[in-house]
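Protein chains in written order, with the working numbering: chain A, 4 to 249; chain B, 4 to 249; chain C, 4 to 249; chain D, 4 to 249; chain E, 4 to 249; chain F, 4 to 249.
Think of the hints as simulated: they come from the structure by calculation, not from any bench. Some clues are possibly wrong.
In the BS3-like style, the derived pairs of lysine-lysine whose C-alpha atoms are separated by at most 30 angstroms in a straight line are [what the hints assert, rightly or not]: (1) F:Lys213 to E:Lys57; (2) B:Lys213 to C:Lys9; (3) D:Lys57 to C:Lys19; (4) C:Lys241 to C:Lys19; (5) D:Lys19 to E:Lys213; (6) A:Lys10 to B:Lys9; (7) B:Lys246 to C:Lys57; (8) F:Lys213 to F:Lys246; (9) A:Lys9 to C:Lys241; (10) B:Lys172 to C:Lys19; (11) E:Lys9 to F:Lys10; (12) F:Lys19 to F:Lys57; (13) F:Lys241 to A:Lys246; (14) F:Lys19 to A:Lys241; (15) B:Lys57 to B:Lys9; (16) F:Lys57 to E:Lys57; (17) C:Lys246 to B:Lys213; (18) A:Lys213 to F:Lys246.
According to the in silico footprint, chain B covers these stretches of chain D (three or more CB under 8 angstroms from chain B) [stated by the list, open to error]: (19) 82-91; (20) 105-116; (21) 124-130; (22) 133-146.
From the derived model, a few chain E residues whose C-beta atoms are all more than 12 angstroms from chain C [to be verified]: (23) Arg26; (24) Met196; (25) Lys213; (26) Glu228; (27) Ala247.
Predicted model only: the values in this text are computed from it and were never measured. Virtual Cβ for every residue (Gly too), placed ideally from N, Cα, C.
Number of protein chains: 6
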Amino acid sequence: MYYTDKKLQFPVRVEKPNPVFARALQQAIGGVEGEIRVCLQYFFQAWGARGPAKYRDMLLSTATEELGHIEMLATAVALNLENAPLSVQEDVSNDAIGGSVLNGMNMRHILSTGLAALPENCNGVPFNASHVYASGNMAADMMANVTAESSGRVLAVRLYNMTDDPGMKEMLSFLIARDTMHQQQWLAAIEDMGGLSASLPIPNSFPQEKEYQDMSYTFINTFVEGLAPAEGRWSEGKSLDGKADF
Amino acid sequence: MYYTDKKLQFPVRVEKPNPVFARALQQAIGGVEGEIRVCLQYFFQAWGARGPAKYRDMLLSTATEELGHIEMLATAVALNLENAPLSVQEDVSNDAIGGSVLNGMNMRHILSTGLAALPENCNGVPFNASHVYASGNMAADMMANVTAESSGRVLAVRLYNMTDDPGMKEMLSFLIARDTMHQQQWLAAIEDMGGLSASLPIPNSFPQEKEYQDMSYTFINTFVEGLAPAEGRWSEGKSLDGKADF
Amino acid sequence: MYYTDKKLQFPVRVEKPNPVFARALQQAIGGVEGEIRVCLQYFFQAWGARGPAKYRDMLLSTATEELGHIEMLATAVALNLENAPLSVQEDVSNDAIGGSVLNGMNMRHILSTGLAALPENCNGVPFNASHVYASGNMAADMMANVTAESSGRVLAVRLYNMTDDPGMKEMLSFLIARDTMHQQQWLAAIEDMGGLSASLPIPNSFPQEKEYQDMSYTFINTFVEGLAPAEGRWSEGKSLDGKADF
Amino acid sequence: MYYTDKKLQFPVRVEKPNPVFARALQQAIGGVEGEIRVCLQYFFQAWGARGPAKYRDMLLSTATEELGHIEMLATAVALNLENAPLSVQEDVSNDAIGGSVLNGMNMRHILSTGLAALPENCNGVPFNASHVYASGNMAADMMANVTAESSGRVLAVRLYNMTDDPGMKEMLSFLIARDTMHQQQWLAAIEDMGGLSASLPIPNSFPQEKEYQDMSYTFINTFVEGLAPAEGRWSEGKSLDGKADF
Amino acid sequence: MYYTDKKLQFPVRVEKPNPVFARALQQAIGGVEGEIRVCLQYFFQAWGARGPAKYRDMLLSTATEELGHIEMLATAVALNLENAPLSVQEDVSNDAIGGSVLNGMNMRHILSTGLAALPENCNGVPFNASHVYASGNMAADMMANVTAESSGRVLAVRLYNMTDDPGMKEMLSFLIARDTMHQQQWLAAIEDMGGLSASLPIPNSFPQEKEYQDMSYTFINTFVEGLAPAEGRWSEGKSLDGKADF
Amino acid sequence: MYYTDKKLQFPVRVEKPNPVFARALQQAIGGVEGEIRVCLQYFFQAWGARGPAKYRDMLLSTATEELGHIEMLATAVALNLENAPLSVQEDVSNDAIGGSVLNGMNMRHILSTGLAALPENCNGVPFNASHVYASGNMAADMMANVTAESSGRVLAVRLYNMTDDPGMKEMLSFLIARDTMHQQQWLAAIEDMGGLSASLPIPNSFPQEKEYQDMSYTFINTFVEGLAPAEGRWSEGKSLDGKADF
Ligand SMILES: [Ca+2]
Ligand SMILES: [Ca+2]
Ligand SMILES: [Ca+2]
Ligand SMILES: [Ca+2]
Ligand SMILES: [Ca+2]
Ligand SMILES: [Ca+2]
């Protein structure tokens, strides 16, 4: 069961509303790197968890936090849409800046929501829940979570660089910090379960003698005859689970 | 900002796990009539609300409750998947009942989640957030919410009739009761704003003299020549906003 | 079986073609608030109707009318695309207005249709038939239809305000008038079946004594401890079906 | 503008309702080879047509006919759902046939429509309007239409072979005949425009001297060294537009 | 099994990067008329082919070539994104051209890929594999392939006309030439199987006496009473399979 | 540019065709954990790569290998569909086993492909290219790849356990071995770039002093008052990048 205190996790303010930036922020709400995705992903992992309670508790706690991030971003979108141009009348179109802004907007911000956020990405593609990964395998899920927070932080940094609004930079610096922690947190959970190399290969429940082992630690080159193979750490040295040489 | 007490809103128990009913329950999680939809819909309406705080508060409160309904249903799916057949081995296929159950399952319950719920409908179609209606017009949104709770309650009743598991019937009787209240609640909000007829036509902000008024209260029959028109309340009597006769 | 007279239901003309407005109009064709949706929704409700013929007839009649609305809007899109810029050549890009227009267009209007309409919304997201609600429960479906016409009319009004083309305003004033009537019409059907309060809770076929009745008329507050509940019509007075007090 | 006579184009009857066949029929309604697709495709081609009126008229006429095919199939689905098992109660599951039927159904036929058709395919995937091809190039569109009627007729024949219900066979024999004619019809339109070889390459408006002509009539083999090329009509003889040798 | 030589099939160069044209090019990658679609379509047709090896070989060969086309276009997108504006800072927005360019871009080119291509169309709609047609009927599939190459060539020609960059024109002239050949090639396969009229109606395996033959060669007019029918090649003369008169 | 030798990477054989297992295998083709996804993901990462050539080469080489895995699985699906029941005729429905098999199949294997594979998952949901992650940040992409191979290997192991066909077990033991190696390979690439802790936080290009650092290494508990926090490695000890204490 869930509760709210009707407050934002961190204050959201916008000095100069920018409807085009409102569109960009949508990627952090409904994009594949966004907050709806991590929120649902952590909830479904928690609700399906069958192992020790501490992992479930951690997932539940962070899922609930992510819901607050969607809330912050939805608020930021609405604030950036203040004073958005609402028409394509001739005088607006003749105004290079005004027309330009209208063209760069997500028109559904005008037509469908009356200047509020949508559960969509920056191109207006609705969030699709197939991006929620909850496999029932803890190690696989923790890797999926690190990945989600990595692509999420890459996105947040790009949004930070895209704006010069001090309020928006502040909000993003908070979200970026949380992404830093969340990357740590899911990696820490892997540590807690014995460390990455002990988890490998994921899932580690399958007896490796049943694999076609000739191919388990061999890099396969698919270049046409005569082309030198790609060389790197993956073709020389000990494997990362310590069980073989490449 | 959001919080959890790690408890279910209402106890969920399953006496005889039934993996086919687990599939059916998915419709109430990720179907267009389901709980993810109302949860996100009420949240986005709340986060975009610009009117009196009481409506926003009510939306926020109920959105948060709906999150707990997804949790209950996800728990119910997992419980129904206990002891599901995990293979298509010959002996299972030769067993009419066993094979039948496997065939009726959502295979992703085995292959993708390891016996847990998914944000999908009963056919495995992922929830798509385009079903979140938050128009910025309060009356339109309240109607959308009554609709969502109506289709939701129709679904919950059909699920109730589909199962004979006492635990599942109990859980559904609770969810059905909440749907009853939520229908009431959104209708009460319309009352609170002055009643439905005062809201009509939605949106009531557009000056009706700008409409092509000859066609505003006229039923149009598209039957080929010679066929009698469809007759009913819509073709006789006072209009429902009291402004005209049909 | 269906027939056409090869005419538009209402004349469509555009004085100054505007390719950006063509994009906006797409929301009324293929958006979730648009005409393809209501057209298919009323058809599928009609084709699945098992009750009195008059409801089926009415649904069939209006579904057929809506097909003519898609036709009007598709015509309007094509007319607005006349003289659209077809290139991103340097001289166009250097022209603030020309470049701006190209940027604001749906590029598929150039690349995929050769200046004609698409069954997509204003962001180029294809119409998805999961938005067709036809539940087999008449009251639920009528509410869904009022909702559809409410979001549809909100959209049409916003489009009306977005343009200053007299032809487009005229066409939209017609479509707005039809939305007014269609809201009336589905509400009238509910009247015809005995009125809304008699229909509540939807579906009214389920014996309410089987609900978990303690929770059927109670507003649940999910605010953290110490926060005052949201107060309004939904927490005081008689319920809207007259069966209880909140 | 469109009209209806409230009749089916061809009578639809079902001797022995079969809910699993109802699911199969959905492919012909909302599948990519189905009737919603051709209906919308021909309408959008007609509404966007800028050439001679006779092509537009033909498209409009057939689009309107296809609407009647959706109606026939939706009726057939509803008839096949009569007496469908509505529960997963233990006694049904213990009955190999009853349980089997439930497992093979589209559960939304029970849960979402109350035993009526949906705009979805046989797996419950909603129709997606991205399958509507209307390019503005008449030859390309006619080829797309022949393709649609070819995949449609392949589907209808497979459905015919799947059932032994005389009513269903009759209905399908009618739809198959119409697919035969529609294949003819779009090919005849190409004839009417001067024949296929005159249309090639599609579009024939682009000056072929601007192509990289060394590669316009050459089959490219991508087999690794030493493998013999695929040989056939495409690597020898005159090209099909008569302009070159392969 | 597949191999690469790490080279492009044809050189790709861009003289003046244009991020808006990068967006347009996406239609040729992930649009329904694009290269991912034909690549997967030919592969799935090949992998499912049960007839003579020569058709499978040809399909495999061309599918593999198409993969190289995606590669060329992805390279072209990346080159056009060089020097794209990465911010919506005030000074960019005040610059009509700079702001205009940003507004015309696919923002995911900045936010999600760091200036590289995506498997999406020009509006940012992800490629959806439902567009892969592989019916198991050779004639139907060959028609589908001609259609795909026709819509593909229409698109490539429109892109050619949209740009004035010599490098881009060169690349497109190559792709256009390949589309010319691929149209030929699939038509040649039909010749190879005995010619189109021998394939009609598709599928030709169904005994036509089982069709409702009264309707197999008759154009049906759905105009309301009194309107003259659409006249053309489809209503007079011999049918195209030579089996009947219209 | 790409080439083929017309051979499978590893032999595929099926002793007892099982159409229900054919459906299960579809998850490994077109599911979010499947081979189309990794194939396109590695290709788009390679085509957009701007760093050292060795990473691009490795990505290209493995992407090309994955194409061969789709081929193997498509072959396996076709072999499992041999002798599938093609009808719902009464005698099949009365046969518990036969009827059961039909009910458990993907009907499009009969209706749409004529017993061949589709680019869809086990529920018939088409592959959607939004699952292709190619962010332009090498560390984020490598994590995404480890994740993809982890969920892929979890799936392959579950498929292995689901079947008792020796041919299918053999094929899967090969694919499982390749997943083992691919997990290693992407982790090795991270090693090659300096190791995971050096990459953290991803992206490591953003100056951490611009983050809201109070929140960068702090686990946030969202339990309601009085509930003990979730304790684990994430709330005590050194952070995993060695820069702070939790
Ligand atoms: Ca977050
Ligand atoms: Ca609920
Ligand atoms: Ca309308
Ligand atoms: Ca038809
Ligand atoms: Ca090509
Ligand atoms: Ca693989």
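Worksheet item: Quick check: which numbered hints come out false for this structure?
Response: 1, 4, 10, 12, 14, 16, 17, 18, 22, 23 and 26
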